[in-house]
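Trainee: Its first residue numbered 1, the sequence shown is counted upward by one per residue in full-length UniProt numbering.
No lab work stands behind these hints, which were simulated from the structure alone. Please note: incorrect hints may appear among the correct ones.
What the hints assert, rightly or not - Simulated DEER-style distance windows between Cβ atoms:
| no. | residue 1 | residue 2 | range |
| --- | --- | --- | --- |
| 1 | Ser334 | Leu220 | 30 to 40 angstroms |
| 2 | Trp78 | Ser334 | 42 to 52 angstroms |
| 3 | Lys128 | Asp338 | 17 to 27 angstroms |
| 4 | Gln95 | Arg40 | 52 to 62 angstroms |
| 5 | Asn208 | Glu123 | 31 to 41 angstroms |
| 6 | Pro213 | Glu123 | 35 to 45 angstroms |
| 7 | Lys355 | Thr113 | 18 to 28 angstroms |
| 8 | Lys355 | Lys297 | 45 to 55 angstroms |
A virtual CB, placed ideally from N, CA and C, is assigned to each residue, including glycine.
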Amino acid sequence: MPSDLETRIRNALATVSDQQTPNLSALARSSNLPYRTLVRRFHERGNFEDKRSSQRALNLVQETALRGRVNPPIGKNWAGRFVRRLPEGFFWIKQKPVDKNRLESEDISHLTTWFEHVGGWLEGISPKNIYNFDETGFQVGQTRSQKVVTRYRYSSEKLASVDRGQIVTSIECVAADGWSMVPYLIFKGRTHMEDWFRDNPALDQRYNIQVSPTGWLSDLIALEWLHIFHESTKNRVGINGKRVLFFDGHGSHLTFGFLDFCDQNRIIPISFRPHTSHFAQPLDQKPFLSLKQHFRKENSLTNAWFRPDSAKRQFLEDITLIRKKAITPRIIRSAFRDTGIWPFNPNIVIGPIQKDGMKGMQTTQFSSY
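Produce the entire structure from the sequences given, and follow the hints as far as they go.
Mentor: Encoded structure:
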């Protein structure tokens, strides 16, 4: 809106608009206006407001129209209607919370670099000498809720179960050709109990069974397992041949003793990048998924018919059958293929991540072996 001074200048100039050379000095005195400003306006040099208006994105008429439109609040249903008629170039998506570390682990440039190194290490290595090992945990003796058909509605509502303390860890190792190593089992406890083994017809005598206070892996147990791995696989590799061993970044896999033993026995240790094992590690795909599904089914069935306090003994009886169903050569080979390790094809992993737009960076196209 023009200021009072601007209005007075315009009115004064209107009185002399028909004169070629008006006496601007006299006009300034009679109208009590700044002489220089009056002269500048007479020669059409413009005022500050006009200049500022010309530099704006919207002119005065447009601003007035915008203010008139914005003032009324939009209706409560406007957002929903807008989503249904989204203009071209807009997308309605659902955002899911993802752990920050996992999000960073899917950086295409880092994954590309990791696979480039892996490709070099795998060159000349046969699939029977490409291994992946990892641990998975079981809570034995614990029964899941289930639905059954019964004549006894109330007396059949409860199932015997045990507390969450009965943990068993299984260290599994598989090779890209479909081979699987005998599992290394870790029971929670301080000593081996005779009842676990006595007259247990299903127990495979080759099983390696250890105890720990937590039921989980330790540095010492990891090194002991590595010695067993070496003895179990040394006849599968030729003279002066190398074995490649993939694992996650757990601290027990990265101790000096563990890595030094690998170096002395021509074992190439390769750690997955942090927070990538859920999509890059073969065992975390179909093998462990299948193993857990078969275990839950067998565990619930066992607890429905046997005493839950003998859960560890029963676990040893069940695990052989469970593994035969769950970790088959076909499933193992499929897991290595689905993670791009063998046959070597990183684009199987990188392609979907790039397609999802996790980072949107250009990736190198790898050739497959």
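Trainee: Run every hint past the structure and note whether it holds.
Mentor: Hints and how they fare:
1. Against the hinted window of 30 to 40 angstroms, the Cβ-Cβ separation of Ser334 and Leu220 comes to about 34 angstroms, which satisfies the hint.
2. For the pair Trp78 and Ser334, the beta carbons lie near 50 angstroms from each other, so the given range of 42 to 52 angstroms is met.
3. Range check, Lys128 to Asp338: about 19 angstroms between beta-carbon atoms, so the 17 to 27 angstroms window is met.
4. Checking the proposed 52 to 62 angstroms range against Gln95 and Arg40 shows it holds: the Cβ atoms sit about 57 angstroms from each other.
5. Restraint check, Asn208 to Glu123: a C-beta distance of roughly 32 angstroms satisfies the suggested window 31 to 41 angstroms.
6. Against the hinted window of 35 to 45 angstroms, the Cβ-Cβ separation of Pro213 and Glu123 comes to about 43 angstroms, which satisfies the hint.
7. Our hint of 18 to 28 angstroms for Lys355 and Thr113 holds, since their Cβ atoms are close to 20 angstroms apart.
8. For Lys355 paired with Lys297, a C-beta distance near 35 angstroms fails the hint of 45 to 55 angstroms.
Hint 8 alone, counting from the list given before, is not met by this structure.
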